[in-house]
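Enquirer: If you read the protein sequences in the order shown, they are chains S and R.
Per this note's numbering, residue 51 is the first one in the first sequence, and the count goes up by one each step.
Per this note's numbering, residue 51 is the first one in the second sequence, and the count goes up by one each step.
Check each hint, because a few of them may be wrong.
Identical chains share a label here; the pair holds if one copy fits it or two copies do between them.
Result set (EDC-like, lysine to aspartate or glutamate): computed pairs, CA atoms no more than 20 Å apart in a straight line [said to hold, decoys possible]:
1. Lys755 - Glu347
2. Lys154 - Asp291
3. Lys79 - Asp95
4. Lys755 - Asp767
5. Lys755 - Asp354
6. Lys195 - Asp291
7. Lys755 - Asp766
8. Lys755 - Glu765
9. Lys102 - Glu241
10. Lys221 - Glu211
11. Lys154 - Asp176
If you're looking for bench data, these hints aren't it; they were derived computationally from the structure.
2 protein chains.
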Amino acid sequence: MRNQQFAIRPTAPAQALDELQRIHFLDEKSADLSTPSLLLQDLYDRSWPEFKTPDVIHQQLANLMATPDTDGWAFLSHHDTVPVTVFYNLALQRLGFAVDLDFKLADPLAAMAKIQLPVADHAGNDFTIAELKQAWYHLLTTHSKNGQTFLDQLTTHGYFEPLVHDPNVDKPLIFNGKSQAVFDTTQLIREVVYVESAQDTDHDGQRDLLKAEIIRPAETEAGLKVPVLYTASPYNQGTNDEAGDHMMHNVNVPLQPKQPNDTTLADVTAQPDTTPVPAPRPVTATTKEAEQTFAREQSYTLNDYFLARGFAVVYAAGIGTLDSDGVRTTGDPEETTSTIAIIEWLAGNRTAFTSRAATQAIPAWWSNHAIAMTGRSYLGTLATAAATTGVAGLKTVISEAAISNWYDYYRDGGLVIAPGGFPGEDADVLAEETFSRQLQAGDYHRIQAKWQADLAAITHDQDRATGNYNRFWDARNYLKHAKNIKADLLLVHGLNDWNVKPRNVNNLWNAVRDLPVTKKLILHQGQHIYINAFRSIDYTDIVNLWLTHELLGVDNQAETLLPNVIIQDNTQPETWHAYPDWDAPTNPTRSFNLQHDELVDQQTHDPLAYATSFNDQLPVEQYNRYTHDIAAWQNDLLGDKHNAMFNHRLIFKSAVLTDDLLLDGKPVVDLRVAVNQPVGMLSFQLVDYGDAKRLGVSPTILARKALDEGYRWREDDLREFQPAATTPFKMITKGHRNLQNRTNTYHVDELKPNAFYDLSVTLQPTHYRLLAGHQLGLVIYATDFGMTVRGNQDLQYSIQLGNSALHLPYLAE
Amino acid sequence: MRNQQFAIRPTAPAQALDELQRIHFLDEKSADLSTPSLLLQDLYDRSWPEFKTPDVIHQQLANLMATPDTDGWAFLSHHDTVPVTVFYNLALQRLGFAVDLDFKLADPLAAMAKIQLPVADHAGNDFTIAELKQAWYHLLTTHSKNGQTFLDQLTTHGYFEPLVHDPNVDKPLIFNGKSQAVFDTTQLIREVVYVESAQDTDHDGQRDLLKAEIIRPAETEAGLKVPVLYTASPYNQGTNDEAGDHMMHNVNVPLQPKQPNDTTLADVTAQPDTTPVPAPRPVTATTKEAEQTFAREQSYTLNDYFLARGFAVVYAAGIGTLDSDGVRTTGDPEETTSTIAIIEWLAGNRTAFTSRAATQAIPAWWSNHAIAMTGRSYLGTLATAAATTGVAGLKTVISEAAISNWYDYYRDGGLVIAPGGFPGEDADVLAEETFSRQLQAGDYHRIQAKWQADLAAITHDQDRATGNYNRFWDARNYLKHAKNIKADLLLVHGLNDWNVKPRNVNNLWNAVRDLPVTKKLILHQGQHIYINAFRSIDYTDIVNLWLTHELLGVDNQAETLLPNVIIQDNTQPETWHAYPDWDAPTNPTRSFNLQHDELVDQQTHDPLAYATSFNDQLPVEQYNRYTHDIAAWQNDLLGDKHNAMFNHRLIFKSAVLTDDLLLDGKPVVDLRVAVNQPVGMLSFQLVDYGDAKRLGVSPTILARKALDEGYRWREDDLREFQPAATTPFKMITKGHRNLQNRTNTYHVDELKPNAFYDLSVTLQPTHYRLLAGHQLGLVIYATDFGMTVRGNQDLQYSIQLGNSALHLPYLAE
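With the rest of the complex left out, here is chain S:
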């Protein structure tokens, strides 16, 4: 195991002592203890909340080894001093590390160094009393083998239980810059309100009411104002999975030629909706009491963690979902308006009612008006959307695996490009899947006709026929409004996320680079996952530091302590690096020419004018097999040049690299290409060739239910990316382009059969370490069985190698 913590706040010794008192590890009694050994015994006494008498506590100490020959109780009861090695022998065992397996009792400091656990300052071989207190402070912030701080581990064993109902304890309780779990999760208050939105998307003559589920600490009843984590999740009231499945589009259809046009940016720019909005409902009565509660929300473990720590959590599914008004729109401005309506209510700027009858208004009287949004995928997307409005009260968004432009989710380069794993899905399918009003037959009966018409309009407007950018997509491009962002940003994305592709976070990062807000970025090696239960990085602590700063206003150095960019290493397990930026405009570029299926450095070889070609059409059996087994296609695509894909794609490999190459940014392929018909597309994959044990893109569950989010509260599984079996290659990144969209995604260019055209394609951004001894590969092909249409057309593509090149931004090391 290798531990990496970014959120340990450096703390002055005096403040550390003060904080230890606040959390009851030091008090008047400890001030009287005359030796380091007595102090350490006292600290340990306090650290075993499940044991009630000295007898059983000493038994626990006797179950730890202090030296290779002496147990903890025997040692401390016979010595006044606390050698540093004894302290860390005991500490490592408390942190869950196993004697002999993880460390040797003869040399605990070697293990501390190897695992990357911090060792406190000490002038001699023994801790003084003053040093020991600081060492204990540091130990509480140190991660256990379970990937929790020691203090969080103690929390799960009930350490804070006596403080929960102690009126002398300040709430929130801050330790090392982070809010602690002193709130009683068995007493959480759950209530439902209906927020009145500023629109009427189902055109029933009344503003849409939107259901919101609120969970807040019981302490709010006594007047505590709390910050809010708000997750907008269209899935969270249920989904229409079967109806969505039925709507999936057939992708085994040919790519169609497009009529060239002169479409301009103005032609595809969405216009604001000017439909008049009905007046708000009159407010005749106001109450603090809801009429409706709920047994169980669809929860998110990161939110659960903060429920134990004094944050309220709000879930809302938005227009068109179960118990709300309106219709689904898959990301258009109406959905954004719906999303921020909840924030406006939480910030005191909008009305909510206790029921859909709207007879009584109910304010968010318990809110401190500081709101963060959280969530992954569509949930993170709506957080991003909300941020681009600059809505008041939204202090920060934590957007994980979020879409920044729906064109980049369902389209690319004038092509219909499916999110990985979901061929045939489109904006209309997602609208139908999330239209959970359908789950209540009585409600659906009243809206069915309107909904069917709206859904048909989405199907029409998304325009699968051309794949072009148009007003439909422009309305769903949040990047246009990035300049309005006022919330601080914590962005998280997987470099192997081929569902919401990395371009989404890259474009947003580039759009906000110069905005006057604080922004942080974490890139991991996973696919479309969340990372808040990983062992090797203190993500939950990072978020706690961040939110304690953003929402509770604690000056905890979050802005400066956290690196701008944290990126997980793709070659070493459990390794995360800090960087000042990602895809910086100043990155140098290295270019390669293409030469008879080889990649050669531009500096060392003359460009040659060869044309080389491949045909996209496969034998029917092979084609059918790939349509049912996309992994097999991908494996053949990148595999041996002379396998079943021979002559159906081109593979160019570089010389074996003599030094590591750290790609960072957006690779660009320049090509001169011809096709034998007036229709065509090209796809590209950049590949790391070389035998290696690579990280799996799905994390391994190390221990089920190992992480309690509080004390006897909800639980998460501990995870980690682990090296999988040796593989001969790995795709680094990819890209796609319709040959009729050489200019941009909306202007359709002519395409004459067998005429050569220049094409420049920007691939999805990446950050990837290519190891010395490996080869860089570029694979050029057409049909992408996982993402494009699959017409199996007789299309012969020719490429003039002399006019083609690959350009790679990288980080100089």
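Starting from the known structure of chain S, arrange chain R on it as the hints suggest.
Expert: Relative to chain S, chain R alone:
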């Protein structure tokens, strides 16, 4: 979906009304309601505990459809009558079934029949008031789409919340013969005690103290005596996984010839341990208060379900585990003594202390002295072990996937036979893995030398060299004591469990068939899994009915209502059949001769004297591949006769079956066999040949966290066996035999090279429907890559077909 419920207790109408009053669905107010419609509205009003005002409750009714055109609120507020179709339209929606997808509003009764949901009696098309009350009673016992009763579904939404703290509510509260969730799971009391066992397995001069974790309802503090579910789990204090992995035995070793012997049954009969036991510790003080609690036990969802329903739960890991005294023994009588010590304490017949210092005794003063054991695998094994002692207080055991004889777990027919999936595991490995005292370095330091000696003795005594039955294994054969069983039995096992093989449950079933206890058996199509979260069978309700009868003494017809044997159908999903018995001695037998790789009916063909042969030795590359990919070996073994396994095994297939054949019991293979060296073994698989979509042996998770075990309590995932892709064959059952153990498992016979010997091998028991159109197959081979040693020896086996036959017990239909 197809619903099957075995635990709906038939209830007389008057009692149904009484029970509806007890759970607050009927009261004086409902007696005044003058029309069926008003009554149904009132019942619905009470069924939405999350909604507090008439406004929001009526809204819920308006979200359901009563007829194809009218919602529930519109209908009921405008009609006096309740048509049967309206009742079930509303009911189906409440049960989670979707309009149009699962049923049509025009004909709900068709769906009720198809899904197998019970329809209440009705004289006309409308329910009378009296009929309606009975219909509501039935509806509460009916399973929802989530595989919970409607009442359990209401429970998860908080229906019983007002009853939890209502002093007028009787606890336990019984409805339809089953205990209901009226206990507050946020107030459960958790405490640790140390039970003094009647032995000293670590020979430290003091009786072993055994840690037990207790969870009991807070109501016990006010004097309620409660029954106990006790799970003995050696895993539950942690395991030494890495140490266990290191101890795994090498299975790539040759099978060794054995010296013929004249061993008798007496020679291998274990002798009772006569070592004197130290005197009990003196009891000088007694308390009702524990010194130690715990934050979180390793829980078992079935137990969690009953914690909400007024049962206490106790977990204990036994001798040699963390915080307990003693050493691990893997199933010998000392472990049984350790297991029942906890029961003796719970029944008031043994001392426990509040700590290992043993200064204060603590009785189980809150126990009603009625105890059940629960658990799967090793846990169920210890339940079986405990039952065979006849210990007082143990009313019933629910043994899931339990071992009945450790020889049948690690050995078979004079061979070392691994549990499926764990080649190289043995009794010593399991002892090391579960010796969790090792997890506390301080405690381990004190016991290490003794433990290493004990472990070496296990390694020696288990005798991997011969694989013979001996005194070591005889001491671990619970079947010898089956006649002592006094507890009623609920046995559950997977017919595809190749970890704990079906022989274990079969031998126990046969041993108790004539004992004067109630016994029930459930056989499912899974492997080594538990079935308490399945949708198609009401397993949790079955257990509730069973335990409410066994531990609370409620006369609820559990003994007669539940079928003796329930077996899941292997050809139809979601189908379970009731049978009077399994493997009944009276089953008829059908026999097949072997003929040149074919199976022919004995009646229709003359026996022939052919000898046919195969060689067990594989090319090295093929051998190496199979050692790393056991699934590939298994697939080749049963696959095309002429594939890579050609001449390395024999495949005999029957004629295509013209009728279904329902195998039930233990197939027997009679063979005349020779081998070219003085050593040899044979393995057998009975195979179903024929293309079919078969059930997967691992269940599919239908919905995560869908099943709350109470109200805002712990959650389980909803599961089901689902048909997987079409496969050409499936193994039905298998068996193994050392050719030197032709007589029995301890007597070693001589084996001359190339001499023919008669051999009769009983395969693992099964229950399997072979469909008409399929072929029965018998595959004869030697090395079993998943279970036997894999020496890749040059062993040529010859079989005289004329003297060989297959005998199959079956159920006549």
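Enquirer: Now look at each hint and say whether the structure bears it out.
Expert: Checked hints:
Proximity of Lys755 to Glu347 under the C-alpha cut-off of 20 Å is found in both arrangements, the shortest distances being 19 Å within a copy and 11 Å between copies. In this homomeric assembly, Lys154 and Asp291 come within 20 Å of each other (Cα to Cα) only across copies, at 19 Å, whereas the closest approach inside a single copy is 53 Å. Taking the shortest Cα distances, Lys79 and Asp95 sit within 20 Å of each other inside one copy (13 Å), while across copies they are farther apart (58 Å). For the homomeric pair Lys755 and Asp767, the shortest alpha-carbon distances inside one copy (5 Å) and between copies (13 Å) are both at most 20 Å.
Taking identical chains as interchangeable, the C-alpha atoms of Lys755 and Asp354 lie at most 20 Å apart whether they share a chain (14 Å) or sit on different chains (15 Å). Taking identical chains as interchangeable, the C-alpha atoms of Lys195 and Asp291 lie at most 20 Å apart only when they sit on different chains, with a minimum of 15 Å there against 39 Å within one chain. Both within a single protomer and between protomers do Lys755 and Asp766 lie at most 20 Å apart by alpha-carbon distance, with minima of 5 Å and 12 Å respectively. Taking CA atoms no more than 20 Å apart as the test, Lys755 paired with Glu765 passes in both settings, with 5 Å inside one copy and 12 Å between copies.
Proximity of Lys102 and Glu241 under a CA criterion of 20 Å is satisfied inter-copy only: 11 Å between copies versus 37 Å inside one chain copy. Proximity of Lys221 and Glu211 under a CA criterion of 20 Å is satisfied intra-copy only: 14 Å inside one chain copy versus 29 Å between copies. For the homomeric pair Lys154 and Asp176, the shortest alpha-carbon distance inside one copy (19 Å) is at most 20 Å, but the shortest distance between copies (78 Å) is not.
Hint violations for this structure: none, all hints satisfied.
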